[in-house]
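Produce the complete structure using the sequences and hints provided.
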Amino acid sequence: MGNLSDIMGGIKTVLEANVTDLKVHKYLPGRVNHYPSTLLIPDGLVLDPEQAFGGTSFKFEFRLRTFVSSNDDETGWTQLVEMMDPSVANKSIIKAIRVDPTLDGKADSAGILRLENVQHSDLGFSFDAILEGYKSVA
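Residues 195 to 332 (my numbering) are what the sequence shown spells out, left to right.
The hints are simulated quantities; they were obtained by calculation from the structure and are not laboratory data. Where hints are given, some of them may not hold.
As the list claims (entries may be wrong) - DMTMM-like mimics (lysine to aspartate or glutamate), calculated; alpha carbons at most 20 Å apart, straight line: (1) 253 / 200; (2) 253 / 322; (3) 217 / 298; (4) 289 / 276; (5) 253 / 326; (6) 289 / 310; (7) 220 / 298; (8) 206 / 322; (9) 217 / 302; (10) 220 / 322.
Shown next as structure tokens:
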């Protein structure tokens with residue numbers, strides 16, 4: 195496996211260990227049929243200025259698109275807010291990453307930069323968390 199695949203595995207491990215009942219997809223499924231679920235979407239890769247000449251690190255970004263579903267809008271909204279709240283243990287995506295910013299040893303460091311696209315759709319309530327991290331390579 196390459197570094198990005200390893201990093202995705204680390205994100206999956208950390209999130210599923212620290213967010214109750216969360217299922218993390220390292221691929222884009224045709225449909226979401228488990229709630230809560232998070233899709234890992236590579237969102238950027240920045241090479242250091244010397245990377246083309248044998249550099250030793252890169253910066254990565256992933257969009258963690260998270261879905262919750264409920265037959266009751268108020269319950270669904272409450273679940274979504276708890277997943278966005280950096281202080282709620284066993285529910286928050288942000289807090290889960292803070293527990294292990296090395297992503298199970300697969301990165302040097304990582305953290306959630308911001309939340310975007312909070313919405314309600316046919317798939318349920320959702321938001322995107324932008325995760326940024328750094329990885330040194332040999």
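Now the hints, each set against the structure:
Distance hint between residue 253 and residue 200 is fulfilled; the C-alpha atoms sit about 14 Å from each other, no more than 20 Å. With a C-alpha separation of about 19 Å, the suggested pairing of residue 253 with residue 322 holds against the 20 Å cut-off. At roughly 17 Å between alpha-carbon atoms, residue 217 and residue 298 fall within 20 Å of each other, so this suggested pair holds. Of the pairs offered as hints, the one joining residue 289 and residue 276 holds, with about 11 Å between alpha carbons and a cut-off of 20 Å not exceeded.
With a CA separation close to 7 Å, the supplied pair residue 253 and residue 326 stays within the 20 Å bound. Taking the CA atoms of residue 289 and residue 310, the gap is about 17 Å. The hint holds against a cut of 20 Å. For the given pair, residue 220 sits about 15 Å from residue 298 by alpha-carbon distance, which is consistent with the 20 Å threshold. For the proposed pair residue 206 and residue 322, the alpha carbon gap of about 15 Å is at most 20 Å, so the pair holds.
Between residue 217 and residue 302 the CA atoms are separated by roughly 24 Å; this puts the pair beyond 20 Å, and the hint is violated. For the hint pairing residue 220 with residue 322, the CA-to-CA distance comes to about 15 Å; that is within 20 Å, so the pair holds.
Hint 9 from the earlier list is the only one contradicted by this structure; the remaining hints agree with it.
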